[in-house]
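> Chains A and B supply the protein sequences, listed in that same order.
Just so we're aligned, residue 112 is where the first sequence starts under our numbering, counting upward by one.
Just so we're aligned, residue 11 is where the second sequence starts under our numbering, counting upward by one.
Hints in this document: simulated from the structure, not taken from any laboratory.
Predicted, not measured: the structure shown is a model, and the values here were computed from it.
Glycine included, every Cβ here is placed at the ideal spot set by N, Cα and C.
Keep in mind that the hints are not guaranteed to be accurate.
FRET-style restraints, in silico, Cβ to Cβ [said to hold, decoys possible]: (1) A:Thr289 <-> B:Tyr186: 52 to 60 Å; (2) A:Glu529 <-> B:Ser116: 52 to 60 Å; (3) B:Ser228 <-> A:Phe115: 54 to 62 Å; (4) B:Lys144 <-> A:Asn207: 38 to 46 Å; (5) A:Phe115 <-> B:Ser116: 34 to 42 Å; (6) B:Lys326 <-> A:Ser525: 49 to 57 Å; (7) B:Asn78 <-> A:Pro372: 26 to 34 Å; (8) A:Glu350 <-> B:Glu329: 18 to 26 Å; (9) A:Asp532 <-> B:Asp211: 52 to 60 Å.
Chain by chain, the residues:
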Amino acid sequence: MNKFQVSVNERLGENTYKTVLKNGLEVYICKKQGFKKKIGMFGTKYGSIINDFVDITTNERMRVPDGIAHFLEHKLFEQEGANALDLFSKIGVSSNAYTTFDHTVYFFETIDKFKEGIELLIKLVKTPYFTKENVDKEQGIIGQEIMMYDDDPSFAVYFNALRAMYNTHPVRIDIAGTIESISHITKDLLYTCYNTFYSPQNMFIIVVGDVDVNETVKLIEENIKLYEKDYDKKLEVKEVTKYIEQDKEAICKKEIRKKMPVYMPKLCMGYKLKNVEKEEIIKRQVVCDIISDLYFSKITPFFEAEYNKGILSDPVSFDFEGTSSFSHVVINAESTKIDELKNDIHNYINKIKKEDVDKELFEIVKKKKIGNIIKDSDNLNVSYRRIIETLLEKVDVYTDVEILENITVNDIKSFLNELEDEKLVFSIVE
Amino acid sequence: MINCYKINDEKFKSIYFSVNFTMNSNEQEISQNAILASVLSKSSKKFKNQSEIEKYLNNLYGANFDVNVEKFGDLYNIEFSIECVNKKFLPNNEDVVKYSLKFLHSMIYEQDLSFDSEIVNREKEYILDRIRSKKDDKLKYGVIKTEELICAPDNFSVFLYGSEEYVKNTTSAELYNRYLGMLNSSCITVIVSGNLSGYDDIETEIKDIFSDANSKFSYNELDYDTHNVNGEKNNIEEVNEKSDTNQSVITFGLRVKDTTCDDFFVLNLYNAILGATPSSKLFQNVREKESLAYTVRSRFYRFKSIIIIYAGIEEKNYEKAKQVIEKELEDMKNAKISDEEFNASKSSIIADLAEWKDSKIALSKMLISNLFVYHNTNIKIETMIEKIKEVTLEDVVNVANRINVEKIFLLGGETNE
């Protein structure tokens, strides 16, 4: 019998169960009573910013081409020439996969083929199949994907902001790499990355839906055993060594402007921050989510004024992004009067840093956030996102709910004062 | 009198209220409707500006209010919606439902009717921005342009936010008339979807609050597919538009002849086999086999009996992509569809339909769309699943032979390095 660690959230009427299998694989099950849909997800703590590491099979340090984690995601979701999306589709299950800076996940959604879905998901992720031919072919498809992103103004404005903030940290590189960098990817390099990062101790499985917890863990374990002959003999699990270079404190460039054929210019401002860890990362997310409403949403005099001046049509977004190796705030907006907008936001932030937080408004916003957390629990995708976020930081699943209920105006105030003018960058696409 | 429908499911924690005004609208009216929806969403007699609205909504535990415009084929729909949490789940069981409903009513019926020109001008700018930026997303624009090419002069061919010319010229007086048009010449549907436990009288309550609403048309009095196109088009027209981007977009505009409402199920399956799933012919051949595209899909338009195929490609591969797509369309006509393709597509549609039960909003959208197609019969998802199950390969091939390509569109890239 497996031992479970159970996280309960009474506000949401939801439980999340966690267990660690013998081989080090973490399994999370979020029970959602009454919902038809079930989500099964297999993930690895490996994404685009991890390019420098110790090869687990040779113990040698490696540097691999940019975009390989994403390339691997494409290739792994394939079996002997058949695309995984297609294989799932044939059993009536929809599936997808994506790569981020620090994790890669493969998942399926089903109503009544949960067992078949889990079987196929584990089979796919556990049986890599890379050949020279299928690597060459994928370079064509990913080439089209990269070109699609190159034409996307939102994508360009965001990555340019990252490039302005960071000097050397790999977060400044496109997740998919470049057409040039992916041309260096070979089947052997893919196997090296696979063997290292797709070892069970670096991975996790997440299930969300109305499932039986014990049965599900049994099903997962049985299927994992099919592909790991030494599963029962396993004595120790070896940690994966990843090297992520810390960026220097200063920004790289104050401003990047890019011309693109767009009618609506876009602005992305970034404040580079000092790195924090664990609960502090989740706390920054909650704080920024509140700041976004408290200072930039339609409720604010700032928005009203910008709206009446014809500068803003939709509110500015204010988001925190970070792991233990990078940390920043990104502010996104669009306007036909982009320079006025840029100056207005900049001056406004400097102004609110000096002022007291409006307590009444703060309480109203907090009330909304509590309502949102309840409403969001009607959406199963929110549950798995919360699990991923917290497992990467090794904190309790419902840390965000806990933090939200205890947040104060002082938390807001002190965070605003971490936004420094010297660490501010501007990216514009016009 | 209004049409009011309830969908109750206690697994949810919140409730979605949707008030729909569905009406006939030509290009000028569409342009005015877009401005109107935008103006109405920003203030009312009681709430002077967006900030007051937001404050009120935040106090209702962040109720989500939205005014959304949409085309149901040749008809135009303005939806006023609000989503709020059931009292069971709120601190001290605070009940926000009545306030949410009254709020929704006030945003429609308790408006400042002077339509102040300063406010109207600001919203006109907002809509003009939407129109002018429609080319910013190429794939989307490729699809919009194809809708326009294949459906002109039907109202459906007009862009969702109308045209620059009409928006610019709209006056406050015209907007007031359009407001009256919306209130008095629409089919009005109210849908409540979510956890209704503890709200047994919700229908009565809605009818009380919306007692001044009057639905002029019933579902069979409004025609969502006027199909003004004269005669059949046997020649395929190729249209080319230059664009200063890295990647190009190719689209195919297809028309289905002589459809009945039961063809909906067959066409859904046809579309799934052709290009709506990863096991589809287009995904397998254009993307997986030929590496021509990352995105390739086909979309079926229930209200207009058309299908649009779209893909992001390199311009130099235009002829090749065209050939591959044409071959797949021929294969559909010649019944070159494997059992595997057929069954996979069927189960994928059934799974999608079943999944809608997990979304309050999807359930509400499905319901209103069925009301227009089936005139008043309230078709359940289970019925739709049964109908999909009954579709045979022969049905699909029959429908395939009633489908013709009318337009092929290339939005060309010029800056290939």
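> Look at each hint and say if it fits the structure.
Now for the hints, and whether the structure bears them out:
no. : hint                              : in the structure
1   : A:Thr289 <-> B:Tyr186: 52 to 60 Å : 55 Å, holds
2   : A:Glu529 <-> B:Ser116: 52 to 60 Å : 41 Å, violated
3   : B:Ser228 <-> A:Phe115: 54 to 62 Å : 56 Å, holds
4   : B:Lys144 <-> A:Asn207: 38 to 46 Å : 27 Å, violated
5   : A:Phe115 <-> B:Ser116: 34 to 42 Å : 49 Å, violated
6   : B:Lys326 <-> A:Ser525: 49 to 57 Å : 56 Å, holds
7   : B:Asn78 <-> A:Pro372: 26 to 34 Å  : 28 Å, holds
8   : A:Glu350 <-> B:Glu329: 18 to 26 Å : 53 Å, violated
9   : A:Asp532 <-> B:Asp211: 52 to 60 Å : 57 Å, holds
In summary, the numbered hints that this structure violates are 2, 4, 5 and 8.
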